[in-house]
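Asks: Now for the letters of each chain:
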Amino acid sequence: MSTTAPTALGAPRAPGAARPAQKKRRPGRTLLRSAPLLPAVVLLGVFLLGPVISSLYGSLTDSSLSGASAANAEFIGLQNYADLFADPDFPKSVLLTLVFLVASALIGQNCLGLGLAVLMQSSHKAVRAIVGTIVVTAWVLPEIVASFAAYAFFNDGGTLNSMLTGLGIPGVNWLYVFPMLCVILANIWRGTAFSMLVYTAALNDVPPEITEAAEMDGARGWQRFILVTVPMIRRSISTNLMLTTLQTLSVFALIFVMTGGGPGTDSTTLPLLAYQEAFRFGELGFGTAIATILLLVGAVFGVLYIRALKPEVD
Amino acid sequence: MKQRYLGVIGIAAASVLALTACAGGDAGGDANTLKVAYQKFGQFTQMDAHMKQVKEEFEAANEGMTVELVPIEAQEADYFAKLALMNRSASTAPDVMYEDTFMVKTDVEAGYLAPLDDYIADWEDWEQFPENARQAGAGDDGKIYGIPMGTDTRAIWYNADILADAGVEVPWVPETWDDVLETAETIKSSSPDTIPFNIYSGKGQSEGASMQGFQMLLSGTDDELFDSDEQKWILGSQGFEDSLGFIEDIYQGGLGPTPQQALDKNIGTTINSEWIPGGELAMSLDGSWASGTWIESGSAPWPEWSDVMQVAPMPTQDGQDPGRTSMSGGWTLAMGAGSENKDAAWDFISTALSKDNSLSYDIAASQVAVRTDVAEDPEYTDANPTFGFFSELVADTHFRPANSDYSKISAEITVVMESVMTGQQTPEEAAATYDQAVIGIVGEENTMAASD
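Residue numbers (the UniProt record's numbering), protein chains in the order written: chain A, 1 to 314; chain B, 1 to 452.
Pulled out of the complex, with its shape left as it was, chain B reads as follows:
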């Protein structure tokens, strides 16, 4: 009998062994090897191309140094988890990493990032970064931890042919949320096979759903997520419920993709490389970088895109001032706290973000340039007809709450979005669920009721 139990235990032990084997990593890098971690996923291959180019340039200039590129092939949410797991162990922690601005403060608290102030002090190029761009990479302690590669704004991309065929006047400038919903209804009734409108939603899209989706709505209401003066999270606001109401109108009203399509983890790739070039989607609330997929160097080149696709700013809820809204984020390059050769890591970062390299990356990845010299360079402004529009949106843009609890709260937003889009909860119930979740994360003392 014992034999059999041992057999069972043996199998269990073997599976545990296999699991722990996955967790182990290779030995830590030496001072002559720089480990650079970044995301490479679906249509986003521009960073990979950029890093390969910088690696060549860096190795040519620094003899004896080797750059080990670690492209993490995962969608956004998994990228954060994988990067954090790499950072947790000294043997796997990267020297240089591609870091989303909203994760900077959290990762600083976790001790993953090294401050760059000493290096910046001697860096001439720092003058080219305007103040708000500099703050994007700041930690709660005021030190700079990440150097921005580019920023972004968000708006509605629309297929002018589909709108014109449906009898909508083009160029189309919606003034309220209702205008957007009405146009979607018009398209639905005139061409039932076309998906009228897409707004990212649900857990699978993680930060994309929270920022491109939900916060593009909420920032157009009279309410906010976070009161930056009081440093408290706002609960029970009408704007929050109304924003969920918009999600409900789109998904339960049949104006968007089916919830199953929308919950597919690969929908972002599907939309920009299939639905939009194929004329299957009329309007898409997406980022300034979307055209990066269609340009010549993109992953799904579509030469006609600049004739067919146009952009309109996202309107505020009832057209309240300033009439339009946007959200901005962006990514930085940051240095690992455990790097064994910080000087070399800094050289790599400053090479990657030099004027020429920033210029080629911002054009390839359709980024809104942050360096003043790049933004003013004719090569940049002429490269893409939408750059002017998206850069100009910066005037009315919003930023995500600068608080280290944001990333957890953002994840809760995607949970309630998903329960509303699938009809499991009404916007009112979902808003209450969110309030409870926020209290659970930050404690009641760090929340406040919305002022009506």
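Just chain A, with the same shape it has in the complex:
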């Protein structure tokens, strides 16, 4: 991120990065200059486009883990998608995925990350170091460790209920009564550091003279923030929204460890539904269809961010 943020902000270039202005362009030269990109493009084709196509194809078969269709998977067209849209678990799962995404990534991680970054900018160095370390710790933990930590916190006999009991408040069975709230809070805890780092880098590159000029013009603190700072860091906002969205859409281990998608289907987001169908029920084709839908949801959000925040216009 540290490499993308400065350019994203249109900040003055560091002297070393300055390039002599190009005067002439020749098509042959452009092509030649792109040649070193070729291996990367091929790799992307094989490892990015390949799996997408194979996932699309897999979702059109009745492939399964065991049984006759494991030996000879048949092409069944859009049958998996027809079954999926008729399955009452599916709309619920889509809804839960969107709730999880909006609450934990878009609102939680982004706003909290931005808030922390802004507060840390004007705070004392020591405070910045301490808060930064604490927040980043959750991000540094391997996903499975963070998931177990969150489980140990929310679980019936866990830290949260012990603390509440200590204060004389009767706790509830958090993971059972409020499964979505628990996984959302856990994901905010885990992912805020990422947004915070992105926004800290972005805010550092907002030239102080612009905010000072706004201040001279009589803009209040929040006006300066909304009218000057936010537009200047909107490319970082767009990038950050995109990345946190994609990360959050694919969150699996956290929910799997904390609630297993339950109770019932009350926290079964699309990745858990795909896992359940593919590996619990052995319906690989059906599970792949869910994964493909997930891919589409991610793509839709990606396009939305690019459109809404127009990062390419300066």
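No wet-lab data here; the hints were simulated from the structure.
Computed from a prediction, not measured in an experiment: that's the story for all the values here.
Any given hint might turn out to be false.
Some chain A residues well away from chain B (every beta-carbon gap over 10 Å; in silico) [as the list claims (entries may be wrong)]:
no.: 1; residue: Val135
no.: 2; residue: Ile144
no.: 3; residue: Asp205
no.: 4; residue: Arg280
no.: 5; residue: Leu296
no.: 6; residue: Ala308
Computed footprint of chain B on chain A, listed as stretches where at least three residues anywhere in the stretch have a Cβ under 8 Å from a Cβ of chain B [claimed, not checked]:
no.: 7; region: 70 to 83
no.: 8; region: 172 to 182
To list a few chain A residues with every Cβ distance to chain B over 12 Å, as calculated [said to hold, decoys possible]:
no.: 9; residue: Val136
no.: 10; residue: Leu160
no.: 11; residue: Met163
no.: 12; residue: Pro231
no.: 13; residue: Val257
Here a beta-carbon is modelled for each residue, glycine too, at the ideal position from N, C-alpha and C.
Got chain A sorted already, so can you dock chain B onto it with the hints?
Replies: Leaving out everything else, chain B in the frame of chain A:
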């Protein structure tokens, strides 16, 4: 701008790379290496010990051969998925695998297993396996694909001290489901801190919930899951709904663990290594192997277990004949279809299941012996006071439907159990959901309405 998109794409590509890297495996084994896959999880460590012992014996007898043990550390449902994934690729497929009897038919259809008939024809020990045990490892084509290691029956384990303290007459022999519920109520009111009754339920317990839980109930009603004469799945039966009703009574009536405890994937380990030895659970509907945890060689030795824990057969719903019920399954050793050295794989299987090895495994893992010579051996019958009881239950036991769609349908049973135990559906609604799911799996033509 392009740079940034490439950056985003690059990250996505890197994560895909990482994922595909997980899917890759090492190169396939050669003819001198036997890959043996089995489950090792929580309290179930006996198979691991047994396989290590057989590996030594086998390598000593066959110079130049190496046995590569692949213990799959996963609970049951994940074990099936991981084993199936191993089987899908020739480079990872095991030569010998630990295979649940109910998966044999499905895996035969998938082409994962090799028929053993040619080897059995020359195997003297085969005579020791009674006919019903032989059928446990048969495929739909009638060939034998798995050799049973032991079988099991299921019943209610109860803590005699807790029941006696609650004023229940011990030895306790419930005659109907209501007797069980009443006893649970009695325990709940006399000692509120004790969990009265456990029945495995929900998706997390997978086959354990379907078989130790649901089918122990359904087999005690007048209905069945599957009509083996018509080869059709039975839908809309009263027994199905009543069985879900029992689950509702236990979990929504506060007579079992809380649904969250019950849905914890590790509850099986918790029950047998903590709750029961700690006197926190009064009655547990579980398998004949449960004592394997408490014996000296078990994972949580508990010397007093044979004084405290007693067993009662699971009653039928209203006490209808024969008054008790049980379910039997068991595990086999099977040979991978892609094995490069089938003769050696067979030698390994027959060594692992010789009389002496079967004897030590059946005692260690508290299995109901299938080999006649083991079942009659005094060393076996004297080893555990419950072996006699569980072996005798075989007379009234039931088997799971012998049909290759069973494993998928069994998974659907656990789904409706979970929605009933958490109160998301009534037994009636859940039964209807199940009916729809079964039609979705096998098609309407392979189902039939229950005859009332």
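Asks: Indicate, hint by hint, whether the structure satisfies it.
Replies: For each hint, the structure was consulted:
1. Val135: 21 Å, holds
2. Ile144: Nearest chain B Cβ is 14 Å from Ile144 of chain A, so the label holds.
3. Asp205: 15 Å, holds
4. Arg280: 6 Å, violated
5. Leu296: 15 Å, holds
6. Ala308: Its Cβ never comes within 10 Å of chain B, the nearest being 16 Å, so this holds.
7. 70 to 83: This one holds; 3 residues, not fewer than the three required, reach chain B with a Cβ under 8 Å.
8. 172 to 182: n = 3 at 8 Å, threshold three: holds.
9. Val136: For Val136 of chain A, whose nearest Cβ neighbour in chain B is about 19 Å away, the distance exceeds 12 Å, so it holds.
10. Leu160: Its Cβ never comes within 12 Å of chain B, the nearest being 14 Å, so this holds.
11. Met163: 19 Å, holds
12. Pro231: Given that every Cβ of chain B is farther than 12 Å from that of Pro231 of chain A, nearest at about 17 Å, it holds.
13. Val257: It is violated; Val257 of chain A is separated from chain B by about 10 Å at its closest Cβ, not greater than 12 Å.
The structure shown violates the earlier hints numbered 4, 13.
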